[in-house]
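> Sequence:
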Amino acid sequence: MKTHWKKWGAACALAVISAASSLAHAQLLVGQTVGITGSAAATVKESMLGASLYLDHVNARGGVNGQKIELVTLDDKFDPKLTQDNARTLIEDKGVLALFMTRGTPHTQGIVALLDKYGVPLVGPSTGAMALHQPVSRNIFNVRAPYQREVEKAIAHLALLGVQRIGIVHVDDAFGQDGLAGAQKGLQNNKLPALFVEKFDRAKPDFSAIAPRVRAQEPQAVIFIGTGAAVVDGIKALRAAGVGGQIVTLSNNASGGFTKALGDQARGVIVTQVFPSERSLNYPVIKEALELAKAQGLKELTPAMVEGFVNAKVLAEGLRRAGPKPDRARLHAALESLSKFDLGGLELSYSAKEHSGLDFADLSIIGADGRFQR
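Numbered by mature numbering (1 follows the signal peptide of the UniProt record, and there is no 0), the letters in the sequence shown go through residues -26 to -1, 1 to 348 in order.
Calculated directly from the structure, the hints in this document are not laboratory data.
Accuracy of the hints is not assured; some may be wrong.
To be verified - Computed cross-link-like contacts, DSSO-like style, restricted to lysine-lysine with a CA-CA straight-line distance of at most 30 Å:
hint, residue 1, residue 2
1, K51, K234
2, K68, K55
3, K68, K42
4, K68, K51
Given these sequences and hints, build the entire structure.
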């Protein structure tokens, strides 16, 4: 799957057509349903590019066990209903071995029953919902750490700095509820009450009433739990209303597209991270990704690209261990055989009782240049 940064629009338009035309030649067929368009599109663009860096590299070297990986990507427009429809098409009609890097908490939770019905592994869902970690979901193989770990770390950091007036704004869906639970736990751990809890509609976010209420509370910090364009609009609304406190959002917004959309309001926003810095050469996996990116004419990585790259490494290793004639059951067993697998400075383990993957969590702040600083 070749995807070039400057040709993204054309690639999106042709994604389904290209996938269908190559289907007859596919050897290791993997499906993906993700919001190529919709509110999460900017981050999706970057995570898919990161995945393609590694998958293209593997295929250029002969693939896995002599077979190339074909990724069929369908656009669900970040709509949970379309996610279910697309997953059904990929599993029932296309016969994919696995699904890969879905995005969104309600989107991913909505296809668990389908995965279980057909025994299809899902590798690297781009959501850190605790419900996908505990209890263990048989066919979900998480790579990133849970959102709740991110929020707890952020609140511990704020509390250490003496910040006590912390409020929460969250999207009113499964993702928002999950992040809220983490925030409440983090506040409780630091013996702090929530200054306020405000929620907004996922489909039609409106901050016209929320922003002045938040301003009236005079928060020192606001934990903003939401996705992409909605969070951008929300932060701008808060600033326009005169909210001057620290704003923190989660790793699902860790993309260059997110900072670009924020514009002048980006500087100083804290974004939690679940992978090492995209510029940290101390991690072999980052060095590897940077080298492959430069070979494709890309000057730098973004956190979302790192996530896609790491997810693709896990997928490829699972396919390799599944042997020359993999099926869904063999791939499932192969993934569960990953124990202390070194991704390049990051160690990942699965078992029949544990599908959480990594436990890495960190904080970054957006600098004046729009880049994430650690």
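> What are the numbers of the hints that this structure violates, sorted from low to high?
No hint contradicted; all consistent.
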